[in-house]
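Colleague: Now for the letters of each chain:
Protein chains: 2
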Amino acid sequence: MKSRRDFIKTTAAAGAGFTLLPSGTLFDKDKESKLRLGFIGVGLRGQNHLELALRRNDVEVVAMCDIQQVMMDSAMELVNKSGKTKPQLIMDGPLGYKRLLENKDIDAVIIATPWEWHTAMCLDAMNAKKYVGCEVITGMTIEECWELVHTSERTGMPLMMLENVCYRRDVMAVLSMVRQNIFGELIHLQGGYQHDLLEVKFNNGTQPYGGGVEFGEKGFSEARWRTQHSVNRNGDLYPTHGIGPLAMMTNINRGNRFTQLVSYATKSRGLHNYIVKKGGENHPNAKVNFKLGDIVTTMIHTASEETILLQHDTNLPRPYSIGFRVQGTNGIWMDVNKSIYIDGQSKEAHRWEEAQAWFDRYDHPLWKKYGSDAAGAGHGGMDWFVLNAFIESAKRKIAPPQDVYDAVTWSAITPLSESSIQMGGASVEFPDFTKGQWMYRKNNFAIGDDY
Amino acid sequence: MKSRRDFIKTTAAAGAGFTLLPSGTLFDKDKESKLRLGFIGVGLRGQNHLELALRRNDVEVVAMCDIQQVMMDSAMELVNKSGKTKPQLIMDGPLGYKRLLENKDIDAVIIATPWEWHTAMCLDAMNAKKYVGCEVITGMTIEECWELVHTSERTGMPLMMLENVCYRRDVMAVLSMVRQNIFGELIHLQGGYQHDLLEVKFNNGTQPYGGGVEFGEKGFSEARWRTQHSVNRNGDLYPTHGIGPLAMMTNINRGNRFTQLVSYATKSRGLHNYIVKKGGENHPNAKVNFKLGDIVTTMIHTASEETILLQHDTNLPRPYSIGFRVQGTNGIWMDVNKSIYIDGQSKEAHRWEEAQAWFDRYDHPLWKKYGSDAAGAGHGGMDWFVLNAFIESAKRKIAPPQDVYDAVTWSAITPLSESSIQMGGASVEFPDFTKGQWMYRKNNFAIGDDY
Numbered sequence: 008m009k010s011r012r013d014f015i016k017t018t019a020a021a022g023a024g025f026t027l028l029p030s031g032t033l034f035d036k037d038k039e040s041k042l043r044l045g046f047i048g049v050g051l052r053g054q055n056h057l058e059l060a061l062r063r064n065d066v067e068v069v070a071m072c073d074i075q076q077v078m079m080d081s082a083m084e085l086v087n088k089s090g091k092t093k094p095q096l097i098m099d100g101p102l103g104y105k106r107l108l109e110n111k112d113i114d115a116v117i118i119a120t121p122w123e124w125h126t127a128m129c130l131d132a133m134n135a136k137k138y139v140g141c142e143v144i145t146g147m148t149i150e151e152c153w154e155l156v157h158t159s160e161r162t163g164m165p166l167m168m169l170e171n172v173c174y175r176r177d178v179m180a181v182l183s184m185v186r187q188n189i190f191g192e193l194i195h196l197q198g199g200y201q202h203d204l205l206e207v208k209f210n211n212g213t214q215p216y217g218g219g220v221e222f223g224e225k226g227f228s229e230a231r232w233r234t235q236h237s238v239n240r241n242g243d244l245y246p247t248h249g250i251g252p253l254a255m256m257t258n259i260n261r262g263n264r265f266t267q268l269v270s271y272a273t274k275s276r277g278l279h280n281y282i283v284k285k286g287g288e289n290h291p292n293a294k295v296n297f298k299l300g301d302i303v304t305t306m307i308h309t310a311s312e313e314t315i316l317l318q319h320d321t322n323l324p325r326p327y328s329i330g331f332r333v334q335g336t337n338g339i340w341m342d343v344n345k346s347i348y349i350d351g352q353s354k355e356a357h358r359w360e361e362a363q364a365w366f367d368r369y370d371h372p373l374w375k376k377y378g379s380d381a382a383g384a385g386h387g388g389m390d391w392f393v394l395n396a397f398i399e400s401a402k403r404k405i406a407p408p409q410d411v412y413d414a415v416t417w418s419a420i421t422p423l424s425e426s427s428i429q430m431g432g433a434s435v436e437f438p439d440f441t442k443g444q445w446m447y448r449k450n451n452f453a454i455g456d457d458y
Numbered sequence: 008m009k010s011r012r013d014f015i016k017t018t019a020a021a022g023a024g025f026t027l028l029p030s031g032t033l034f035d036k037d038k039e040s041k042l043r044l045g046f047i048g049v050g051l052r053g054q055n056h057l058e059l060a061l062r063r064n065d066v067e068v069v070a071m072c073d074i075q076q077v078m079m080d081s082a083m084e085l086v087n088k089s090g091k092t093k094p095q096l097i098m099d100g101p102l103g104y105k106r107l108l109e110n111k112d113i114d115a116v117i118i119a120t121p122w123e124w125h126t127a128m129c130l131d132a133m134n135a136k137k138y139v140g141c142e143v144i145t146g147m148t149i150e151e152c153w154e155l156v157h158t159s160e161r162t163g164m165p166l167m168m169l170e171n172v173c174y175r176r177d178v179m180a181v182l183s184m185v186r187q188n189i190f191g192e193l194i195h196l197q198g199g200y201q202h203d204l205l206e207v208k209f210n211n212g213t214q215p216y217g218g219g220v221e222f223g224e225k226g227f228s229e230a231r232w233r234t235q236h237s238v239n240r241n242g243d244l245y246p247t248h249g250i251g252p253l254a255m256m257t258n259i260n261r262g263n264r265f266t267q268l269v270s271y272a273t274k275s276r277g278l279h280n281y282i283v284k285k286g287g288e289n290h291p292n293a294k295v296n297f298k299l300g301d302i303v304t305t306m307i308h309t310a311s312e313e314t315i316l317l318q319h320d321t322n323l324p325r326p327y328s329i330g331f332r333v334q335g336t337n338g339i340w341m342d343v344n345k346s347i348y349i350d351g352q353s354k355e356a357h358r359w360e361e362a363q364a365w366f367d368r369y370d371h372p373l374w375k376k377y378g379s380d381a382a383g384a385g386h387g388g389m390d391w392f393v394l395n396a397f398i399e400s401a402k403r404k405i406a407p408p409q410d411v412y413d414a415v416t417w418s419a420i421t422p423l424s425e426s427s428i429q430m431g432g433a434s435v436e437f438p439d440f441t442k443g444q445w446m447y448r449k450n451n452f453a454i455g456d457d458y
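Protein chains in written order, with the working numbering: chain A, 8 to 458; chain B, 8 to 458.
The hints are simulated quantities; they were obtained by calculation from the structure and are not laboratory data.
Being a predicted model, the structure only gives us computed values, none of them experimental.
Among the hints, a few may not be true.
[To be verified] Going by beta-carbon spacing under 10 Å, a handful of chain A positions derived as facing chain B: (1) 194; (2) 267; (3) 353; (4) 356; (5) 433; (6) 434; (7) 438.
[What the hints assert, rightly or not] Calculated Cβ distances over 10 Å to all of chain A for the following chain B residues: (8) 207; (9) 291; (10) 388.
[Stated by the list, open to error] In silico DSBU-like pairs for lysine-lysine, Cα to Cα no more than 35 Å straight-line: (11) B:354 - A:225; (12) B:225 - A:298; (13) A:449 - A:376; (14) B:354 - B:274; (15) A:285 - A:298; (16) A:41 - A:376; (17) B:442 - A:274; (18) A:354 - A:404; (19) A:41 - A:88; (20) B:354 - A:285; (21) B:404 - B:345; (22) A:345 - B:354; (23) B:345 - A:284; (24) A:354 - B:298; (25) B:136 - A:354; (26) A:354 - B:285; (27) A:354 - B:442.
For every residue, glycine included, the Cβ atom is placed at its ideal position computed from N, Cα and C.
Using the sequences and the hints given, assemble the complete structure.
Modeller: Right under this line is the structure:
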């Protein structure tokens with residue numbers, strides 16, 4: 008086996024530079040047809056993936072671990088409903104996942120745990136020679152990001168961050184339009200996470216959404232851990248849903264890269280106000296100081312001189328919106344008004360058109376082929392596609408379409424935005440996790456209708 | 008007459024801190040009823056104001072100057088059509104305006120000339136003891152901004168920048184909603200100037216819009232001068248339409264102020280592409296290097312810890328949009344999808360509502376009273392209101408509702424954004440043109456139905 012650097016050089020020259028791994032080195036050939044999966048974390052998000060995995064004939068769920076009985080029970084209900092064989096169940100505290108990784112019958116793992124556990128679990132999984140699919144946010148510090156890259160390179164094991172919005176039907180149609188040059192040369196893009204999470208960050212300890220203003224040990228599901236990040240951190244805490252699709256459109260890590268970033272944060276009002284409104288000013292949580300500004304705006308500059316704007320807005324009452332905008336020399340798509348304008352093609356000069364007709368016309372081959380399989384899967388079907396991409400890549404023993412460089416590049420926005428804000432709005436340089444290979448790698452994300 | 012500082016202290020204490028001028032010191036009392044106006048620049052924009060001024064019985068157009076016969080002819084046509092007395096006409100080259108300022112019968116002047124002439128003309132007019140209304144962009148450098156402030160303070164003569172978007176009907180309804188706390192405490196705002204100016208920046212030298220790719224000496228109207236700024240400068244060249252209304256909503260210079268700013272610019276493609284597309288690659292202008300990035304994004308931080316986002320986007324084919332967003336702890340307005348969401352008041356949780364019903368309900372008293380007078384005036388009626396505010400303030404000998412501090416604070420965004428971009432995306436401090444008085448001044452913009 009060649010060294011990684013040799014391999015990248017060879018494959019880049021051959022025009023297939025996205026592949027990290029020499030094929031055929033991952034698993035035994037005779038096990039190719041069925042992927043043996045382990046689940047680290049079967050909370051509500053893990054259960055989404057589990058349910059989709061159980062639907063498939065090419066996946067065997069070999070083991071599951073969690074730290075909460077209630078989650079394990081719900082997960083087992085899904086297994087029972089599916090009629091599949093009962094997996095190995097591991098409940099052995101926060102480090103129980105290490106026992107799961109010792110299971111030699113597991114080819115690949117899905118990690119769906121609190122953010123602060125992702126890096127440790129990914130590292131351990133790669134070191135245990137598992138193909139890794141991890142929920143979003145892989146690396147909470149730049150050092151963690153580098154460690155993930157180095158470990159993936161050293162072990163030869165891929166890490167795919169399960170960023171699902173790259174597979175949203177309208178987003179993929181726009182990706183097709185970008186690739187067919189409908190927008191011309193890209194100039195400016197926007198995205199973000201504008202989602203009122205008040206009933207996610209707080210609940211009554213028994214239901215996942217709302218009903219109370221508890222979090223941490225007294226909370227349930229995400230409120231148990233996610234809210235604490237709003238207490239301690241000020242930055243764009245959740246950048247990947249916005250940046251993933253935009254990074255693929257602008258060929259980040261594949262001919263382009265992020266060069267620098269700057270973030271500004273507003274005051275913090277929403278979380279405190281909500282506690283007082285729903286729990287009264289004497290509720291103990293009314294004394295908590297939340298560090299997270301209600302809205303964090305981030306500008307990114309790229310090597311190709313595009314700008315990308317990200318908005319993180321999770322503490323205020325508002326309608327949901329990723330807030331996509333894709334603008335080039337020929338035209339523009341905006342998400343919030345569901346509209347597109349293409350110079351010379353739109354019916355009236357300078358007038359928005361309904362975007363849907365464009366989406367229908369440029370529907371991505373993957374959605375044409377698998378749209379009915381994806382129907383009923385989470386988040387409008389995109390959960391089906393992201394899991395499918397992971398499973399198909401793992402079965403074929405190739406690098407996933409969203410690889411470790413993407414995982415850490417997208418996740419690194421959070422610590423970089425925290426630094427920028429802490430330094431009073433200084434622009435900070437973006438690390439090049441590919442170590443120069445971004446100049447040679449090709450964009451093979453969703454180029455066909457395979458996965 | 009008290010010194011300015013004493014005066015401001017007194018009036019601030021009396022809750023009328025917006026007034027720069029002791030009343031009754033500007034003009035002779037017996038001329039109060041009719042304002043005697045001079046026009047410096049009667050190009051297309053000057054003619055808009057002229058036409059509205061000629062409609063009024065409380066205005067006498069005393070003199071007009073310009074450097075182009077064609078513009079003077081058009082202006083005289085408007086005068087003739089109105090049946091009003093022929094004003095003094097001055098055509099004496101670029102400095103002819105100084106002769107106009109010598110006319111002692113002129114109380115106030117309207118300046119509508121290229122940006123680079125605004126500061127010199129405003130300074131000369133204030134020194135000549137004229138009440139000054141100047142078209143947008145007053146001060147192209149920070150030094151010019153300061154000189155305008157110092158000269159206004161020294162001479163006691165007000166400068167109103169004629170920023171019309173502050174008077175847009177929907178914008179004023181939102182201002183009313185802000186003041187009635189419908190949005191709660193403001194958190195984040197957006198605006199800008201997203202307007203395809205390709206046919207403004209280039210024309211055939213005889214028509215104002217399009218028909219060719221000429222600019223500078225071979226261009227007509229704005230193409231004669233405005234385009235050159237895109238050759239030489241990279242920044243948010245036109246911030247006032249977006250920031251004016253947002254500044255009034257956030258009480259800038261009246262309890263709040265801009266503290267810092269950062270801008271990122273994209274590559275420059277649109278202007279060159281347009282020249283090649285319409286004029287061919289052998290047209291001499293195809294060799295021009297335009298410094299202005301196609302999209303310039305600026306983030307501003309305020310003393311009250313709001314963030315304001317501005318977008319300057321004038322080189323690409325796109326639908327027009329100022330791109331307003333006003334978001335507080337209770338809800339949000341967005342311009343591009345014409346929608347509002349107010350927590351607990353909107354019909355469905357987390358669902359946008361058509362904004363129009365809200366605009367109708369919170370229609371500003373000024374629009375209720377003068378909507379029919381404004382009908383037919385430029386830019387949907389808002390031109391009527393901004394001129395009316397200038398004329399009524401001048402007649403009453405009081406500080407205008409948008410004063411010199413506003414004029415330079417809004418205009419200063421351009422040179423600050425140029426600096427920020429030149430320094431590679433550094434945040435730059437925002438000057439406090441009020442010298443601390445922002446802490447005490449009150450927001451009296453459009454508080455009643457007078458002007």
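Colleague: Work down the list of hints and note, for each, if the structure agrees.
Modeller: Consistency of the hints with the structure:
1. The beta carbon of residue 194 of chain A is positioned within 10 Å of a beta carbon in chain B (closest approach about 5 Å), and the interface hint is therefore held.
2. Below 10 Å, beta-carbon pairs count as interface contacts, and residue 267 of chain A has one with chain B at about 6 Å; its hint therefore holds.
3. A distance limit of 10 Å between C-beta atoms decides the matter here; for residue 353 of chain A the minimum to chain B is near 9 Å, and the interface restraint holds.
4. For residue 356 of chain A, the interface hint holds, the least distance from its beta-carbon to any beta-carbon of chain B being 8 Å, beneath 10 Å.
5. Taking 10 Å as the C-beta contact cut-off toward chain B, the hint placing residue 433 of chain A at the interface holds, the least distance being around 6 Å.
6. With a least beta-carbon distance of about 4 Å to chain B, the hint placing residue 434 of chain A at the interface is held under the 10 Å criterion.
7. Using the Cβ-Cβ criterion of 10 Å, the hint placing residue 438 of chain A at the interface with chain B is not satisfied: the shortest such distance is roughly 17 Å.
8. Remark: the non-interface label on residue 207 of chain B is consistent with the geometry, its nearest Cβ contact in chain A lying 13 Å away (cut-off 10 Å).
9. Once the 10 Å rule is applied to beta carbons, residue 291 of chain B is consistent with being away from chain A; the minimum gap is 22 Å.
10. No beta-carbon of chain A is positioned within 10 Å of the beta-carbon of residue 388 of chain B; the least distance is around 21 Å.
11. Straight-line distance between C-alpha atoms of residue 354 of chain B and residue 225 of chain A comes to about 32 Å, which keeps the hinted pair within the 35 Å bound.
12. Taken as a hint, the residue 225 of chain B and residue 298 of chain A pair is broken in the structure, with Cα atoms around 56 Å apart against an allowance of 35 Å.
13. For the proposed pair residue 449 of chain A and residue 376 of chain A, the alpha carbon gap of about 24 Å is at most 35 Å, so the pair holds.
14. Between the alpha carbons of residue 354 of chain B and residue 274 of chain B the distance comes to roughly 43 Å, so the proposed pair goes past 35 Å and is violated.
15. With a C-alpha separation of about 20 Å, the suggested pair residue 285 of chain A and residue 298 of chain A falls inside the 35 Å cut-off, and the hint holds.
16. Distance hint between residue 41 of chain A and residue 376 of chain A is fulfilled; the C-alpha atoms sit about 22 Å from each other, no more than 35 Å.
17. Distance hint between residue 442 of chain B and residue 274 of chain A is fulfilled; the C-alpha atoms sit about 24 Å from each other, no more than 35 Å.
18. For the hint pairing residue 354 of chain A with residue 404 of chain A, the CA-to-CA distance comes to about 47 Å; that exceeds 35 Å, so the pair is violated.
19. Proximity of residue 41 of chain A to residue 88 of chain A is assessed by CA-CA distance (about 20 Å); at most 35 Å being required, the pair is judged to hold.
20. Distance check on the hinted pair: residue 354 of chain B and residue 285 of chain A sit about 20 Å apart at the alpha-carbon level, within 35 Å; holds.
21. The suggested pairing of residue 404 of chain B with residue 345 of chain B is violated, with an alpha-carbon distance near 38 Å, which exceeds 35 Å.
22. Simply put, residue 345 of chain A and residue 354 of chain B have alpha-carbon atoms about 21 Å apart, close enough for the 35 Å limit, and the pair holds.
23. With a CA separation close to 29 Å, the supplied pair residue 345 of chain B and residue 284 of chain A stays within the 35 Å bound.
24. A C-alpha spacing of about 32 Å is found between residue 354 of chain A and residue 298 of chain B, which places the hinted pair at or below 35 Å, so the restraint holds.
25. Our distance criterion of 35 Å between C-alpha atoms is broken by residue 136 of chain B and residue 354 of chain A, whose separation comes to about 53 Å.
26. Taken as a hint, the residue 354 of chain A and residue 285 of chain B pair is honoured in the structure, with Cα atoms around 20 Å apart against an allowance of 35 Å.
27. Taken as a hint, the residue 354 of chain A and residue 442 of chain B pair is broken in the structure, with Cα atoms around 52 Å apart against an allowance of 35 Å.
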